[in-house]
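2 protein chains.
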Amino acid sequence: MDKIGLIAGSSRFPINVAIAARKRGVSVYAVALKEETHPELEAAVDKICWISIGELGKAVDFLKENHIKRAVMAGKVRLSHIYSKSVKPDGYLKNLLTKAVDKRGDTLLMAVANFLDKIGVRLLDCALFLKDDIVKKGALTKIRPTKEQLADIEFAKPIVKAVAQLRIGQTIVVKDKAVLAVEAMEGTDEAIRRGSCIAGEGAVIVKMSSPKHDMRFDIPLIGPSTIKTMIQVNAKTLALEAGRTLLIDKEELIKLADAADICVVGI
Amino acid sequence: MDKIGLIAGSSRFPINVAIAARKRGVSVYAVALKEETHPELEAAVDKICWISIGELGKAVDFLKENHIKRAVMAGKVRLSHIYSKSVKPDGYLKNLLTKAVDKRGDTLLMAVANFLDKIGVRLLDCALFLKDDIVKKGALTKIRPTKEQLADIEFAKPIVKAVAQLRIGQTIVVKDKAVLAVEAMEGTDEAIRRGSCIAGEGAVIVKMSSPKHDMRFDIPLIGPSTIKTMIQVNAKTLALEAGRTLLIDKEELIKLADAADICVVGI
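Residue numbers (full-length UniProt numbering), protein chains in the order written: chain A, 1 to 267; chain B, 1 to 267.
Hints listed in this document are in silico derivations from the structure and should not be mistaken for laboratory results.
It is possible that part of the hints are untrue.
Claimed, not checked - Listed below are the simulated DSBU-like cross-link pairs for lysine-lysine, each with C-alpha atoms no more than 30 Å apart in a straight line:
{"no.": "1", "chain 1": "B", "residue 1": "Lys147", "chain 2": "A", "residue 2": "Lys177"}
{"no.": "2", "chain 1": "A", "residue 1": "Lys177", "chain 2": "B", "residue 2": "Lys118"}
{"no.": "3", "chain 1": "B", "residue 1": "Lys103", "chain 2": "A", "residue 2": "Lys88"}
{"no.": "4", "chain 1": "B", "residue 1": "Lys118", "chain 2": "A", "residue 2": "Lys85"}
{"no.": "5", "chain 1": "A", "residue 1": "Lys137", "chain 2": "B", "residue 2": "Lys103"}
{"no.": "6", "chain 1": "B", "residue 1": "Lys103", "chain 2": "A", "residue 2": "Lys157"}
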């Protein structure tokens with residue numbers, strides 16, 4: 001593989017993908033979203049095309065012009081954009097939204113993947129270049145979970161799996177074997193804040209993906225910002241599904257967690 | 001039945017139970033919670049015993065002294081009290097909390113029911129005196145759901161049933177076949193606000209109970225305050241499970257909804 005497309009959403013995830021790919025000698029051609037993508041991506045890639053979320057056609061032209069046959073999709077795109085009046089979908093995107101059976105995140109991502117496939121671009125596992133940053137089993141931090149926290153994690157596992165399988169969200173917040181918050185479209189950090197606001201200190205956060213999760217996109221991921229949210233609200237335990245969760249800026253994340261006596265554990 | 005106990009939580013629900021029971025010639029002996037119960041309950045019952053949430057023993061004494069054999073439990077008790085430092089559980093309540101396998105709402109309510117049973121008080125269906133206020137199938141308001149809203153309700157039904165069966169919560173907020181918010185411990189109105197904040201206008205709210213729901217307590221209920229929340233955030237559609245949802249202050253609720261062009265429908 002000498003070059004790859006990168007469909008870039010928010011956070012440092014696409015930047016990390018670009019850096020890792022270029023380290024392996026692969027050229028990176030990025031489609032970046034004005035509403036989402038970090039401007040620093042520009043310096044990390046070989047070529048970049050900035051589009052607004054509505055402008056799918058422009059992305060198609062860029063990928064075709066540069067003869068891109070394989071691509072990785074990295075970083076979130078807030079689904080709430082589809083309710084925003086400032087986003088003007090072009091003909092391609094309108095067609096894609098009209099054909100979608102519902103507007104769940106994974107339905108729309110799959111629609112984008114199928115669309116790319118039709119124009120000759122195959123989407124690959126988004127963690128392809130970042131295998132070292134996938135969570136492994138066991139504690140990643142100095143602090144390990146207590147017996148009580150482990151009991152809360154065991155309580156939460158089947159619930160968060162079911163919630164993920166219903167394609168609602170991938171995170172729940174528990175304490176003392178009660179479900180305090182379930183993530184839907186508002187995002188992980190907001191769910192952590194809500195649950196911790198009820199729990200006071202010591203909420204336990206558990207993140208898992210659906211058993212049917214398509215690893216080409218929307219892989220569960222955690223970055224330093226989640227640890228910062230946990231610090232703000234005094235949450236102490238973060239359990240992540242091993243083998244299926246990606247850490248963004250892993251070293252910084254673990255350093256932050258260790259400094260705040262937060263336990264991050266792969267389950 | 002010449003007399004009944006009433007374990008009273010928040011809202012006007014226990015007041016409506018007391019009024020309806022006394023209309024049928026049944027005397028009402030209420031255990032009221034200082035942290036939850038509306039002071040107006042006092043005028044609507046024959047005898048009242050005000051306790052703090054921690055003082056289960058006081059409630060036992062009151063029920064025994066008045067020879068209460070049957071009781072109804074009406075109105076919410078915020079589960080978050082168990083995390084509050086101001087609540088001091090007495091020996092009875094400590095014992096009950098220690099024995100409970102988890103701290104889900106229905107686990108604790110069942111534990112209270114079993115506890116009452118042991119002291120000779122049988123808990124009855126909480127809607128016993130309010131059968132006319134149970135939601136029936138079809139629109140309760142002048143406005144009926146549109147084709148799009150009906151499609152969103154159909155989309156939501158299996159999801160909210162599954163969420164209820166997981167004993168997370170009974171309400172979800174959807175729009176254009178996407179799940180915007182799932183209720184956990186924060187309560188219905190907060191979930192409606194959160195979902196509507198993402199959806200802008202026109203969120204669809206669907207409330208259903210678990211198939212295994214114990215109708216003695218925590219029956220899904222909607223009062224005028226939920227309609228007021230919907231008005232604030234421009235939500236227009238409220239779908240409620242027929243036969244299993246109770247309307248509090250039904251006439252006022254429907255009047256409010258009609259005045260705001262809100263559709264309330266039994267499904």
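Going down the list of hints, with the structure as the test:
Pair hint lysine 147 of chain B plus lysine 177 of chain A does not hold up; C-alpha atoms about 40 Å apart against a cutoff of 30 Å. Taken as a hint, the lysine 177 of chain A and lysine 118 of chain B pair is honoured in the structure, with Cα atoms around 25 Å apart against an allowance of 30 Å. The suggested pairing of lysine 103 of chain B with lysine 88 of chain A is violated, with an alpha-carbon distance near 47 Å, which exceeds 30 Å. Restraint check for lysine 118 of chain B and lysine 85 of chain A: the C-alpha separation of about 60 Å exceeds 30 Å, so the hint is violated.
Note on lysine 137 of chain A and lysine 103 of chain B: the hinted pairing holds, with a Cα-Cα distance of about 28 Å set against a maximum of 30 Å. Simply put, lysine 103 of chain B and lysine 157 of chain A have alpha-carbon atoms about 16 Å apart, close enough for the 30 Å limit, and the pair holds.
Hints 1, 3, 4, counting from the list given before, are not met by this structure.
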